[in-house]
Structures are given as C-alpha cells and as structure tokens.
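Enquirer: Given next are the chains, with one letter for each unit.
There are 2 protein chains.
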Amino acid sequence: MKISPDRVAQAALLAMVIELSSTPKPGNVDRGHDFEEIKFHHFLISAVSAYPVFRDAALGSEPTGALIRRAVSSWRGWGLSQNTHFGTVTLLVPLAVAAGRGGDLRGEVEGVLEETTAEDAVEFYAAFALAGARVAEVEDLSLKDPTSLNRVRSGKKTLLDLMRLSSDHDLVAREWSTGFERSFALSEHLIGKVADLGLNDGVVMTYLEALAEVPDSLVASKFGVETAKEASVRAGSILGLEVEETLRLAEELDREFIEEDINPGSTADLMGAALFISLAEGAILRCEE
Amino acid sequence: MKISPDRVAQAALLAMVIELSSTPKPGNVDRGHDFEEIKFHHFLISAVSAYPVFRDAALGSEPTGALIRRAVSSWRGWGLSQNTHFGTVTLLVPLAVAAGRGGDLRGEVEGVLEETTAEDAVEFYAAFALAGARVAEVEDLSLKDPTSLNRVRSGKKTLLDLMRLSSDHDLVAREWSTGFERSFALSEHLIGKVADLGLNDGVVMTYLEALAEVPDSLVASKFGVETAKEASVRAGSILGLEVEETLRLAEELDREFIEEDINPGSTADLMGAALFISLAEGAILRCEE
Chain A
1 MKISPDRVAQ AALLAMVIEL SSTPKPGNVD RGHDFEEIKF HHFLISAVSA YPVFRDAALG
61 SEPTGALIRR AVSSWRGWGL SQNTHFGTVT LLVPLAVAAG RGGDLRGEVE GVLEETTAED
121 AVEFYAAFAL AGARVAEVED LSLKDPTSLN RVRSGKKTLL DLMRLSSDHD LVAREWSTGF
181 ERSFALSEHL IGKVADLGLN DGVVMTYLEA LAEVPDSLVA SKFGVETAKE ASVRAGSILG
241 LEVEETLRLA EELDREFIEE DINPGSTADL MGAALFISLA EGAILRCEE
Chain B
290 MKISPDRVAQ AALLAMVIEL SSTPKPGNVD RGHDFEEIKF HHFLISAVSA YPVFRDAALG
350 SEPTGALIRR AVSSWRGWGL SQNTHFGTVT LLVPLAVAAG RGGDLRGEVE GVLEETTAED
410 AVEFYAAFAL AGARVAEVED LSLKDPTSLN RVRSGKKTLL DLMRLSSDHD LVAREWSTGF
470 ERSFALSEHL IGKVADLGLN DGVVMTYLEA LAEVPDSLVA SKFGVETAKE ASVRAGSILG
530 LEVEETLRLA EELDREFIEE DINPGSTADL MGAALFISLA EGAILRCEE
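Protein sequences, first through last, are from chains A and B.
Just so we're aligned: the first sequence equals residues 1 to 289 in our numbering.
Just so we're aligned: the second sequence equals residues 290 to 578 in our numbering.
Wrong hints could be hidden among the right ones.
Claimed, not checked - Computed beta-carbon distance windows for the label pairs:
#1 Gly103/A <-> Gln371/B: 31 to 39 angstroms
#2 Gly79/A <-> Glu534/B: 23 to 31 angstroms
#3 Arg440/B <-> Ile38/A: 48 to 56 angstroms
Stated by the list, open to error - Just a few of them, taken from the derived set where beta-carbon distance is under 7 angstroms, the chain B residues facing chain A:
#4 Asp295
#5 Leu303
#6 Leu438
Said to hold, decoys possible - These stretches of chain B come out as covered by chain A in the derived footprint (C-beta under 8 angstroms, 3 or more residues):
#7 331-337
#8 362-374
#9 493-502
Derived by calculation from the structure, the hints in this document are not laboratory data.
Here a beta-carbon is modelled for each residue, glycine too, at the ideal position from N, C-alpha and C.
For reference, chain A alone in the conformation it holds in the complex:
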C-alpha cells in the first residue's frame, strides 16, 4: 500500500508522541513524569522537528545515513541538546523510506537496509556523536578511536554491516540485522491489544510484555546485563494478572525504576517502530471516511 510522504511523516511523528505519552511506562518519560534533565517537551521537540526528514525519507530523495544525521541536527534548531529519540529515529528512518516505496513494508525495509553503503555508516557515526547517544561500543569499531571512522570511511563496512556487529548487545542494531523482525511481531501484538484495551493501555501492556521478553540494552549498557535481566523479570512479574491490577503495579514499578535510574529506552524505541508499522499499515487510528 503506497501512502503519501506527508502521511508517512505523520505516522512517524504520531508513533513518537503516542509512545511518549502512553502511561505508566515504567522507567521512561511519559505523561506522568519527566526526568531531571530530559523533559516531556524535549521529546515533543525532537519528534516535531524531524517531520521534514521523514517526509524526505518517504520521497526517497536522500540516503538513510544522511537522513538520520539530519534528524539529529534538526533538534538543535529548536534548542534541544539532550539525546531523546536517537534510537527511535534510527529505526523509523529506514521504515519511512520503505513506506514511501509502497508495496509490502516488511519486504521493502529489508531492501532499504541492504542498500546502505559505507557513506551511510560515516553519516551514522556523525549522527551518533552529535546525539551524544549511549550504546554499547563495538569492540573493533570504537567511537572513541578515530581509526575506526577511517576504517569505516575506507569503504569496508556498510551501515548494515556495522549494525550486524552490534546486534548481540543492542536492540536497535538487532532490528536492523533481522529486517525488523521483532518490531513487526510487536506491531501485530500491539494491534490486538489496542483493539481490546484502547490506545494508551494497549501501548503500555505491549511495552511491559516486550520488556519482560528481552532485557533492555540501554539498561545493560548502563548497569550490565544482570541488572537488565532482573528489570525484565520485574516487568514480567506484574503480567498475567487482571489488566487493571497490572496497570496499578506498573505505576509502582515506574517509581522504583526511576529511583534506581533504570531506563529501558531501547524497548521504548522498539515500541516507536511497532507503532509506526501499525499506523503506516492503517491497522490503528484508521481513517474514518
């Protein structure tokens, strides 16, 4: 199904702001609370200011790496220096390129990833540095080591190659490496939950289940794999109850995670991708007419 570039951009923005707003989403900024240095409105700014990037992605007028870098730059134009949506944008840009091509989204996005070049890798490195993002570093391609960038630049690695190197310890890189396997699965799941529970609670329940299922890599990069696994066990422990009870316990878990600085940001990025897929495919927030 081919959708217009503007509609692709709107699906991307809506994915970001609906993910942001859904509450309670333990450990992430939501309607209920800010972080000390990153506030709700900072995420609104990074979503809104990236609109032209998603529109141009759908138009197919620029390479993927350059688009990711432009998204990060566009935040600066509204005074934003915090890293907010870097992981989400890394997922949404290739999805937006694919949605702009029409056809089967899943098939198209694999093509988009396969087409990335060493130049995309160089642009992504620049975006990464600009965003001040925290991800686990790939051993032989450290961002702190200028020879890494030279090796990337020399054309040996495409952006997809780089993502494959990080796929065992970064949830965003894993999506790139698997053709967004989990994002599509989460989208299927989300569509059912939203039909049952409405938008907010559907997003929250899917987020909790995603977190319970796979340890969050942002948490792992901050505190180690054991803490990330434990956070997933804690998310799992409030599932399987009545929905209302789960939601009540999610508020408690949110307070605990915030206090412990446990921020499952990569799982939130995945939810952004799942929301985009659901929106772009017209499976939620369907057109009335």
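Starting from the known structure of chain A, arrange chain B on it as the hints suggest.
Expert: Chain B in isolation, oriented as in the chain A frame:
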C-alpha cells in the same frame, strides 16, 4: 524575520502540543487527565495531521478559509471525529500565513485578515460544521439557518466581517477583529514567565492570568456569562501567591472545573496563538547554534 515553511509548521505543531501538555491547566485536557470522550492523544492527532496545512499556509499557496477547512479534514484521515483544535487552528492559520511572508508578524497578520474574502467565509462555515465546534452564534448569521450561508455566499461578508460580528462574545473572533492584540500581549507575558519559571510553569501561569483577566467564551457559550465570569474570579483567586502555592491550588481548581464541566477552551486557544508567536519570533526554544 523570514522563516522557512517547514519551520512555521513546526512552530504551529509545537505551540499546539506544548499548550496541550502543560499542566495543571484547570479545566482543559493536559498531561494530568483526559476528558471522557476527548483524550490526550486526540489532540496529538489533530496537531500532527495539520502539519502540511501550516506548511502550505506559510508558502502562501492557498486562501485562509480553505486552509482552515483542510486542517479539519486532515483530522478525519487519522480517525478523529472529536472537535479538538478548531479554535486554535482558526487563530494559527492566519498567523502561519503571516509568518511565511516574513517581515513584522503583527503587521503581516493584519494584512492577511484584511485580505479575506466571502469565499473564505464560505470555507470557514464548512470547516465549522465539519468540526462540530461550539461557539456562540451570530444572531443574523446562524449556522442553523441555510439562508445565512446563502447571504455569506452572495459576497456580502468576508471572513473578517463575520469575525467582527462575533467579536463581543467569542475570544477567537475577537483576536481576528483586533489584529491578534491579546495574543501578542500574552506572548510578551509568556516569554517573561518562561524565562523565569521554565516552559511548563510559564505556560500554566500565563494561562491562569489570561483566564483571570477575561472570561472564557467557550464556558460562556455552555453555561452563560455569569458562570464564565465566576470561573475567571476563581482563577484570579489563586494568583498573587508564591508560584508553588498557585500551582498546587491550580491542581485543586482543575479537579473542581472538571467536575463542573467548566472547560475554558477559548483561553487555551489563545495560549496556542501566544506560544506560536513566541516560537516563530525565536523568543522561546531558541536555536542553539
């Protein structure tokens, strides 16, 4: 100062979503609560889906009335049937047209209003009906009376003429009639408050002061002028204290207003206009570079 059409659209979206999110904003949807039938995410949808309309407004490619109608239509494309941002869009579209022209925003917007025609009035009537908006009706131009539309269509009244007919009992129409006098004054005030208190609390304090200053016309259209005046007195009664105390009392007032169904939506529309002016003029959320 000339700003790009994309940046104008971003200022419009940010004005809408920042106004929406700022909390506690007694009687309006905010981060703290939804209404029964109109939820936080409905306002996100109406903001995001109108992006191309604001971009095209800044490009100067379409008449004002047609743009307002397109904004309302665009909401339908994401499944939204509730009236969310009709008043805000009625204010923001001419401001976006003016911002796209460059030069002094205040001078330009007067020109935009003066240029409206009877065709703009016809389009606005259509938008109004489509949005299911509630405003006080102008005596001799009732929306319920098809001869009104015929009289509009016959070319006797421009959209600015229509707004002037409603200016004594509708805050949005009054802005049109006065060249956005109060929106610009509120913007000045807001810029100072945001500098002192940060974005959220700056918006909330300006909203409370605006509500205290002039009775809200949406409240008046639902419950009569006396109730609207009383709501303003109640807003005024929590001002003049320490800011923290005012914010605490604003949460209480919010609960009371929600219970009484008192929704000062026109004052929220004005805050959207004041935020747009502040953003478009680069007075808040300044570019870092």
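Enquirer: Could you run down the list of hints and mark each one as holding or not?
Expert: Checked hints:
1. Gly103/A <-> Gln371/B: 31 to 39 angstroms: holds (33 angstroms)
2. Gly79/A <-> Glu534/B: 23 to 31 angstroms: holds (30 angstroms)
3. Arg440/B <-> Ile38/A: 48 to 56 angstroms: For Ile38/A against Arg440/B, whose Cβ atoms are near 54 angstroms apart, the range 48 to 56 angstroms holds.
4. Asp295: Hint on Asp295/B: holds, closest Cβ of chain A at ~5 angstroms, below 7 angstroms.
5. Leu303: holds (5 angstroms)
6. Leu438: violated (22 angstroms)
7. 331-337: Since 3 is at least three, the answer is holds.
8. 362-374: That given contact holds, which follows from 6 residues of the stretch 362-374 of chain B lying within Cβ reach (below 8 angstroms) of chain A.
9. 493-502: violated (count 0)
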